[in-house]
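**Student:** Construct all of the structure, not just a fragment, from the sequences and the given hints.
Protein chains: 2
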Amino acid sequence: MTISPFAPARFPTLPPLAGFTMATAEAGVKYKGRTDLWVLRGQPGTQVAGVFTKNKCPGAPVDWSREALSAHTEGPRIVVVNSGTANVFAGQAGRDAVAETAKGAADVFGSDVGSIHLASTGVIGVALEASKLVDQFPNMTLDGDGWEAAARAIMTTDTHPKGATATAKIGNTTVTINGIAKGSGMIAPDMATMLAYVATDAKLSQNVLQDLLDADVGPTFNSITVDSDTSTSDTLLLLASGAAEHSEISDTSDAALTDFRRALHDVLFDLSQQIVKDGEGISKFVTIKVSGAVSDASAHKIGMSVANSPLVKTAIAGEDANWGRIVMAVGKAGEPADRDTLSIWIGPHVLAEGGQLATSYKEEYGASYMKQDEIVIRLDLGLGEGTATVYTCDLTHSYIDINADYRS
Amino acid sequence: MTISPFAPARFPTLPPLAGFTMATAEAGVKYKGRTDLWVLRGQPGTQVAGVFTKNKCPGAPVDWSREALSAHTEGPRIVVVNSGTANVFAGQAGRDAVAETAKGAADVFGSDVGSIHLASTGVIGVALEASKLVDQFPNMTLDGDGWEAAARAIMTTDTHPKGATATAKIGNTTVTINGIAKGSGMIAPDMATMLAYVATDAKLSQNVLQDLLDADVGPTFNSITVDSDTSTSDTLLLLASGAAEHSEISDTSDAALTDFRRALHDVLFDLSQQIVKDGEGISKFVTIKVSGAVSDASAHKIGMSVANSPLVKTAIAGEDANWGRIVMAVGKAGEPADRDTLSIWIGPHVLAEGGQLATSYKEEYGASYMKQDEIVIRLDLGLGEGTATVYTCDLTHSYIDINADYRS
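Keeping their order, the protein sequence lines are chains A and B. The opening residue of the first sequence carries number 3 in this note's numbering; numbering runs sequentially from there. The opening residue of the second sequence carries number 3 in this note's numbering; numbering runs sequentially from there.
Misleading hints may appear alongside valid ones.
With a cut-off of at most 20 angstroms between alpha-carbon atoms, the simulated PhoX-like pairs for lysine-lysine come out as follows [to be verified]:
1) A:364 - A:56
2) A:303 - B:56
3) B:303 - A:303
4) A:56 - B:303
5) B:56 - B:303
Only some residues are given here: those of chain A computed to face chain B with a beta carbon under 7 angstroms [as the list claims (entries may be wrong)]:
6) 20
7) 58
8) 92
Hint data in this document are derived by calculation from the structure and do not stem from the laboratory. Predicted model only: the values in this text are computed from it and were never measured. Cβ coordinates follow ideal geometry from the N, Cα and C atoms, glycine included.
**Tutor:** So, in structure tokens, the structure goes:
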């Protein structure tokens, strides 16, 4: 598989995080000769926040993990993730597999089933063989180092492992945030995307953790799209071990959170960008900045309409500054728009304004600009103050290759 | 260009229609060595009904033709259609081109500008050079035969001309309905699709004509999608010359319309099917039948969510009966759905039921069925009485080829 041209040169250095240990294994769920199982342990007292797919046909692991989020326990929190099957639409066998995996993990890692957070990613419609995971648990020695190995174990069509890290000051204490994510196709998160796990040693109450996550998922994971297809497995968990020295923060409006908020955004943004930049078949990374819409929500919908248009995406793949298709995609969004107040830029060039091609625009500007790997399209609706930025990739032959025979 | 494997063996025989004459010409708007201009004349008294794109950034010809629909006139109705440029998002130059074309047509063909119905199809963002059309008008000799030539003149990425005809009894009089259409990409009609012209010699009032059209556009043109991209130019006109012998019908509930309604549906359905079966890059024609939804509207949205899913479409291209992606697309539609009451069939085979793969299903059933050219996917939501049927095609390498360099 060709590595995405937008892959980072190397996996970032994610330091061990106080309160967390982990391990990976080769469970052989589907793939051979690679790891496909990750277990993360958060020490007793670890708080967990999460957001999940809004797809109406979620996988059994999503149902389970939604409930686990509110489970109260004194034991450690255990996260178990496998790749190879998504264990979605697998009926009673899928639900049994989830229960069996949770029981196995609770027994081996010394917790209770209500504290087990599960996720599976891969083919839909095939039940997980839980015994393959459970059999591995006793062989897994959890320790503090292993974020890159974890990021590799949860990959499916990803061309590289994805990780990010940041530090923040809470009072005089420096805390760390580590995150890993996977995802490449079926990416149009409507809550969170595919699988992402972010952990910190900060000492935060569950409500603060959930508030911080909810506030930042909009401009990060919910603003990327590869193919408009919202996964049945999207899961984003944020775990806080509380191992850091500062006193617990239990009020989201606490000023001590300012720097942490910034660092959390950096990690979430970085991970979500890595996902879209590893979009199936990507040759161009595209940023779409919308302003002048009647509201931020309207701007987001218009941006997504452009980002998901097959005709816009194929034009970009063909290095064609096809403003006509952008106009079409703005107009089909179902949001207030006026052809005659709409302005469009590609990179530094005004492409269209006043309902027509800009008089200053020359085809050679577009032809030259579109050869770049990273394309910025800016739209101003000229109607109001609403803004949004969304991120996508082009639609290429490789997307067809990957998805016309992914199962085989 | 490869002809769609679903193209009819030959263009149907469309008889001359009393009250209508027409001609085509080579105006050289963009294409060389082929016709690109069609003029249709409906005798004085001809009634016209129409539906247009709901895209918020419509072309200048759409704006013009919307107004012309309500223009009252004693003169003949003149329809002027060109291919090569859509004259959309071309600002004042585009509006001027529309006015100039209408004036030229009115002068040459002996009508008034308010009776000229215009449409342009092709590249967006380039103004029509009206003089190219106007210069041809004096050379065009309108006569009664020429439907196939007309269907050819309005083609863009279409691989074959599209026409349909039917007859109906109104009282003791036999009337004829002829229709032509064009369209292949940017097809997700939200009212009508691209360009379609249907004409009859029946004697119907304008309100009856519009009622009949509005009633039938839902299950025909509004139920097809190639790529989810709603064109800025969608136009469907229905013209009635009134040359037939029966007395005028001015009440939509008149029982004498029963057979005409059936025949009109046959023509609209046939044309819309020809468009989706000539979808850009098509290798498989796909019918999606939805039942058991909470309402017909909900069933339609769910059907369209499946029909527009890039992952479903690429799986079909790969001859993969990938029920998991179908489940995903049902769940992402935003409509009421329940994984555990959802049933899915491909052709005669129950694929999934009760929230899992059907126990009777074998992979070889799907493998064998998916090799067919025409695929039927049936979904039952198990929630209510809502039904809908939508039509689409698969997503192939050819779609990328066509659209990554359509402008060049």
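**Student:** For every hint, state whether the structure bears it out.
**Tutor:** Comparing the hints with the structure gives:
1. A:364 - A:56: violated (44 angstroms)
2. A:303 - B:56: It holds: about 16 angstroms lies between the C-alpha atoms, which stays within 20 angstroms.
3. B:303 - A:303: Satisfied, since the Cα-Cα distance of roughly 17 angstroms is no more than 20 angstroms.
4. A:56 - B:303: holds (16 angstroms)
5. B:56 - B:303: Distance of about 16 angstroms is within 20 angstroms: holds.
6. 20: This interface hint is violated because 38 angstroms lies over the 7 angstroms limit.
7. 58: This hint holds: residue 58 of chain A lies near chain B, its Cβ roughly 4 angstroms from the closest one there, short of 7 angstroms.
8. 92: Holds, because the Cβ-Cβ distance from residue 92 of chain A to chain B comes to roughly 5 angstroms (cut-off 7 angstroms).
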